[in-house]
Amino acid sequence: MEYTVGSIAPIFLSPVIAFVINAFLGRKLPRQGDWLATLSIFISFIYSARIFGDFVFGNFATDFFIHKTFTWFDLNHAATIFKVDMGVYIDNMTAIMLLMVSGVAFLIHLFSTWYMDHDEKHGRFFVFLPLFTSAMLGLVLSDNLFSLFIFWEIMGFCSYSLIGIYNQKEKAGDASLKAFMTTRVGDVFLLLGIVALWMFLGSVNYVDIYAAIAEGKFAGQTVLGISFATFTALCIFLGAMGKSAQFPLHVWLPDAMMGPTPGSALIHAATMVTAGVWVSLRMYPLMVLGDITWFIAVVGAITAFGAATVATVQTDIKAVLAYSTLSQLGYMIMGVGVGSYNAAFMHLITHACFKACLFLSAGSIIHSVHEQEMPKLGGLRKYLPYTHFAMMACTLAIAGIPFFSGFVSKDRILGDALYYGFMSGQNPLLAIVPILGFAAAGLTAFYMFRMMFLTFYGENRTHDNHGHGHGHKDAHGHEAHGHEIHHEHLDVRQNVPLLILAVFTLGFWFCGTLTGQSFGKVFGAKTEWFKVLVEAPVVEKFVDHKREDFSRVDTREKTHLEHAHYHHQTGYAGPNPDEHKLHSAHTIGAIASIFIAFAGVFLAFLMYIKGSVKPWASKFPGITKTLENKYGFDEFYIDILIKKGLLGLNRGLAWIDMGIYDRYVVDGMAFVNRVLYKSAKWFDNVVVDAIGVDGTGVAVNLFNLVLRIVQSGKIQFYFIMLIMVLASYVWTLNI
Amino acid sequence: MIQQLFGFLSYFIPEIICVVLMTTLLVAESTVKEEHGSRGKIIGYALAMLALCLLFLFQNLGEAPRFIFHNAITIDPFSTLIKIIMVLGTMGAIFLSYSSKDIYTNLKSEFAIMAVGVLLGGMLLASANNMLTLYLGIETLSILSYVMASFKRDESTSTEAGMKYALYGGLSAGVALYGISHLYGILGSIQFVDMVDKLPGLEGTNLLIVLVSFMFFFVGIGYKISVFPFHMWTPDVYQGSPIPVTSFFAIVPKMAGLAALIRVSFIFFNNNSALSISWTGLMLVISAMTMTVGNVTAIGQTSVKRLLAFSSIGHVGLMILGVVVLNEQGVRAILFYGIVYMFMTLIAFYITSHLSDMYGTDSYDVFKGLIYKHPTMAIIMAAVLFSLAGMPPFSGFVAKFNIFSVVIEKKLYGIAIVAAINSVIALYYYVKLAKTMIFGQADGDVKVLGFTSGNQAVIIALFIPVLFLGIFWEKVMIMSGNAVLFIK
Amino acid sequence: MMSLASYLIISLILFVVGIVVMIARKNIVAILLGIELILNAAALNFVAYSRYVTNNLDGHIFSLFIIVIAAAEAAVGLAIVIRFFQIKETIHIDEATQLRN
Amino acid sequence: MNGILNWILWLPIIGAVVAIAIPNVKDNVVRWITLCTTSIVLVLTVVLYLKFDTSTAAMQFVVKVPWIEQFHINYHLGIDGITMLMTFLNALLFFICTLSSWTVEKNVKAYFALLLMLQSSVFGVFFSLDFFLFYVYWEVMLLPMFFLIGIWGGENREYAAIKFFLYTFFGSIFMLVGIIALYYASGKGVDSFSILAHQGGKYVNETVSIFGHTFSFEHLFFWFMFLGFAIKVPVFPFHTWLPHAHVQAPTAVSVILAGVLLKMGTYGFLRIAFPIFPQAAVHFSSIIAWLGLISVIYGAFCAMAQDDMKKLIAYSSVSHMGFVMLGLSAMTTQGMNGAVLQMFNHGTSTAMMFLLVGILYERSHHRWIVKPDGSKGYGGLSTKLPKYTVVFIIGMFASLGLPGLSGFISEALIFLGIYQKFTTITVIAVVGLLIGAAYLLWMFKRMFFGEVNPETEEYDDMNAREVFYMLPLCVCVVVFGIFPSPLLNVMKASVGQLVDLMAKF
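Chains as they are written, first to last, in our numbering: chain A, 1 to 735; chain B, 1 to 488; chain C, 1 to 101; chain D, 1 to 505.
The shape of chain A in the complex, shown without the other chains (with noise of 0.2 Å):
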């Protein structure tokens, strides 16, 4: 098929313009335009597929992709060129992105007509969804880190705008805030990081920047002081960090959750904390040249742990949701930093399936019940039969049980990690990079299990709250009043949805091969399609790439794919010298994982349905306490860093400026005038009468006789001064 602007625009227009559309008259429209933005995502649904089928089933090669550009605006005058391009760049990677993205937002949409029904938001919520969307999908689309950035901000103000759509509560606007400064901590470091790129390779172009590596264009380049490389990668990995919500700036993901659940779902499964992901794998080779990978491991195995611990304390469904969120974003950095590129891609795209559908699960729960905080619910499985089947499958998917998509992708990364910390001979203290992964995934496994059993288990708890009624509000900002939970039907709306994402939380869709043999195999098997698919970028095969304008037609035969050019590619040694040591280590990890996971879920399973273990709360009080407040980095940033801090420095500063520099410097010119002409009364007042009527002291000794002359009045002093001045002339004449 051909790529022209009319078969691509499509996929990120339609969203726009239901955007558009929605924000102007959505109001008038019928159901306020929900199904407008519906079928707006639809539509690139169905285009985002057609480029998925060609690339998957047309079996283009590995290293395929399309490249086209357009001018946006150029600087140029008489010699200088400065062109600013904008385009897209379509390879595997991002065909099966888009698919994705476009498929799970849509499903997102058809849930959220559902759930945000009879919502005073319903309007707002679908006029920011679907331009949320189109953002992510601009992203995913684009050809150059620059467009990236754009979309990449625009989806910061979306998520700003979702988060805090109730904006008669506090706390949304607080964590709206929260949420946008905290990413754009690291959106600055990524636009500066642009900025250097651009300023040095004349262009952000990915396959310019790979080819630039290729080329050895870095090589020896320093800024201030670190290798430019380093510091690139280093910018570019901060604003990733920031987006996908690793470990110092993690803070704001868990409050993302005030926002309505559907919204939730939209932002840490398909979207916005993906982006993070996938530019750190679209820069990955400038992070191996940057050599910054250890230190995006331990990043990532770091939110991967902390984050599946604090998760274990959580009694907010939605909470639960959200920490294994970050635990999962952890391990795509993890899966990235220790170079096990497909399976990090993969965890993406698996993790997006299962963790939407979780959140459109907790959505139908909250719904139905009005009730978020697990101990207050409890054996709805009878009454919500559906949606219990799709969390237990989600469940069983990123607990990492074998078969299921999260063992697939999960294990993966851990094998590699295991290799990465253990057998590459990197320094012994990365060993900390698979520890702390395999600790996390028993604990996904526990705390997952728990939120199910809570949940969905024992007798229902629901009743208990509504007799004392102290206040609790739901979502929806009003009281939570015990109406009967009715059974819950089949609804195309509100759990078709679901099961249709749970239906892609099985394994064998990720790790069969094109051909459709070995859907059986869970791991191992060197044919899979998508190990196939994607890889690493290969920087050489960038070098002589010429971009093409979208008026020129694609000329580029597409080549049937040989499976005996594929080589594991991983990040740190280009083909790995040794295949078996990375093999085994994969095979011990797959063990040592299952293991782990089913050790976490029988652990729940022995606290909350057997109740046998008291859960561990009791038993350690002080570790519960700093896992309650999150190891209080809220306190810190918020009390300490930006109370204390930043506000303090800007008051003092302010204070400064109007009450020091302004009164005492500007003004003090007028001072200074003020003092002259007091001087020069002075002289008149002072001088005359002081030594002129009564002087005394030194300067009747020093003056004596003009001083007798002087203490007459006012007048002769003057003639005083008349006949010094002439004196002092006549001085000047240098006698």
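Hints listed in this document are in silico derivations from the structure and should not be mistaken for laboratory results. A hint or two may mislead.
[What the hints assert, rightly or not] Example chain C residues on the side facing chain B (calculated, C-beta under 8 Å, incomplete): (1) Phe15; (2) Met22; (3) Ala24; (4) Ile38; (5) Tyr49; (6) Thr54; (7) Phe62; (8) Leu64; (9) Phe65; (10) Ile67; (11) Ile69; (12) Ala72; (13) Glu73; (14) Ile80; (15) Glu89.
Don't be surprised by glycine CBs; every beta carbon is placed ideally from N, CA and C.
Given the coordinates of chain A, assemble chains B, C and D onto it according to the supplied hints.
Same frame as chain A, now just chains B, C and D:
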């Protein structure tokens, strides 16, 4: 012989007119009974005569320079232009004296008599070509000024002002005269032209004596134009004397003194001898000090009259810069400045006078909220203040611009910076007054009686050149330029 | 036989005495007298110079003018002093300190 | 066609004279006269834009009439790409300000007359190619501002007005000295008062001596000019007049002040200081950059501490103009274009912010985000005033540089430009972006989120007039954020010429 004498006199007509006017006024003063309206008639007569004098002066403006009365007096366009300015100033002051309540109403025309006398002295000073005429001019100017200063006979302040003026003037005139006597001795003549010829040949003691004598001589002029440090009498006298007198002092004696200063500097120091260099340096220092002291002291004033007095000192300091550069452009700039300054000062004093007549004081408060009582007057006053501060599009800016340009042409950037800072200081107090008029709230909306339609008409008429010369100032510049060409 | 120098010295003495009188005496009339002394010093100079140095009449004429002007100035000065005396009942110079910033 | 500049320049004066001349006229008539004048001027400006030839950097629509022959002073007007944008901005903002000050009740006649005079004088500054004319307009512009702030301002208006006046006068008097010095340095020739004739680094080798010390002519008088323009911008040490003036000035005047008048400073750099003293400009570019950086950071920090909306936005202007200075000091294609674009974009976005503050002030009669007694000044506004909220969000995100809105492109270009010259400064300057987002969003959160403040209960939403005059700005902000080319194409030739000139030194 005779008609040759009359040929001389034909250029001397303006002065003669003044003499005639004086005498006739004296007669009228003693004879005409004080009944209704006679005062107005007398004043009108004086103004008419002065207008006539103005006519002749304009006639002389185009003429080539002449020396009459055996080189005692120069009639050249420069002196003529100065005279025009002075006559205009005198007319303005006399008109003000008519409506002002600050001087006794039972005096029919004494103010006019004195003013014309001072004007006569100023004319002599402006066109003096030898020491004698110059001294005569100074003394005529001074002695009558003493009387004018002590016009309010029963008020101690006025009398005291007059007395101080008299004593200080006497001393400085005497010192100047002593200097002149030595100059005469050394240079062997009282004719400027003959004295200059002797200058180059001097050496040793004689040169020294000449230098010292010139310093003495400068005291005489310096106190007339009240430059630092001979300005100290100025605020007292300005405060003590009635407002019409103050406005008169702010214009006529200053212009006359400047004229004398310019002429002397050009005749004696227009060469690069040691004499002229030390003279120029002296002038630089004096002008810097003068404008600084004038502006800085003006800031703290609460009486608008004193404020204007000090600001006049500041302006003189700026004008002297035109003397320092010792070239035609400089004098041209001074002349332009003088014309513009005359108009601005008159307006400012008019409005101040009428307000202080109304309220009996001339503090800032009487200006408060003027915009609500007399919008036109307030706007004109504000415009004049901005013009005095040197804001475009008013003529004050052009005057300042010319002075700056001649200074910078000589690459005297240091003094240029001093002048720049001074004009900021000046703006400060002018704006303070403008603020009081326009932002302040009026306490009671009593109409000021002084602003009769006639007075307002005069004020507007005086304002037109202030605005006009700020935009189309070429003609006047050319006129001043032509006046300068014959200076030597 | 008197020489120029002696005249100049005398006039200088007159000048200085005049100034000292103006500065030191409290009586306003005395101060006016000081002015007269100064003027006379100048006049003496003129005459002496014109007799010994320049040999022209300028000096004499000048001195005549000086005498006249001195008279006029004295007249005006005394008139003002009289007003002052009528108002303040004194001619002590220190009373004249009413005007100031 | 050449006369069009004359028309644009003098129409406001005519309007003002008409408004004053009519005796005891009704207020509404004056309002309508002003509105007609400004709208005609706006239309003329659009015509100008359409007729503008973007291919050349030369001056266009030139008008040259001898004024004072003996000094070779001419009445010399003309525009190039940079001034084209400024002209359009000026016309647009005054049109909007006329509408926004429809509610002024005190001395309506005088108010609108002064407003029109102000517009004319600002046009004059941007049009004049003759130094004398330029200076005259530069100073004349102060008078209407002085009265507008001083009469229609807030409680502390006199102090603010005098401060603004003196501060600017102080700068410009030094500029005057520089102008005269240039006049003589160029030999009093036929075009020695023509701005263009001085450009191109003619005075590299001249020297001057002050108080016996010898300086390079360029360096000395570059600083003279710098003083004049930097106070206007305002750059860091000279910025303190701005908060006072903004807080005290009435809404429309703040809009003009922030929207157009500040740009006159940077325009002075572009047109006078840099092209005439290129060698000095290049030599001191690092100092300018550091000053700009300090303005960015310092302004942002101070803005964050403010509880008064207007003061906050005033400081944010300091910060944003600091970005312009950064772009100028870079002297690269990206930097300069970014700076000029930022001049325009800041004009629109900050105008929006001030207008919005004004709209709110008309309802609440205070501007406290947090009142001095610590209670919330507003709160939950987004529930009460949905339209207002939408416009506020657009303006806010435009001025904090959200991609897709106008602020972003200019800031990105400025960063691209500055990075090539001063890497360290770039790294520090990103903090400015961060804080820049922080104070605006924090203000938004404190005012718009949360429970509805009982005080704000009875506020009504933006009425038709307010919506009508906010609309053009919103359009500008959004459209030029997505398609900057219409602006860039106009200016890039002129800016490019300057960049090439600077590259020679």
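Status of each hint after checking the structure:
1. Phe15: 6 Å, holds
2. Met22: 6 Å, holds
3. Ala24: 13 Å, violated
4. Ile38: OK, holds: Ile38 (chain C) within 8 Å of chain B, min 3 Å.
5. Tyr49: 3 Å, holds
6. Thr54: 4 Å, holds
7. Phe62: Where the cut-off is 8 Å and the nearest Cβ of chain B is about 6 Å from Phe62 (chain C), the hint holds.
8. Leu64: Result: violated, 10 Å to nearest chain B Cβ.
9. Phe65: Constraint on Phe65 (chain C) satisfied, holds at 6 Å.
10. Ile67: Hint on Ile67 (chain C): violated, closest Cβ of chain B at ~12 Å, above 8 Å.
11. Ile69: Holds, because the Cβ-Cβ distance from Ile69 (chain C) to chain B comes to roughly 5 Å (cut-off 8 Å).
12. Ala72: 6 Å, holds
13. Glu73: 6 Å, holds
14. Ile80: This hint holds: Ile80 (chain C) lies near chain B, its Cβ roughly 5 Å from the closest one there, short of 8 Å.
15. Glu89: 11 Å, violated
When each numbered hint is compared with the structure, violations occur for hints 3, 8, 10 and 15.
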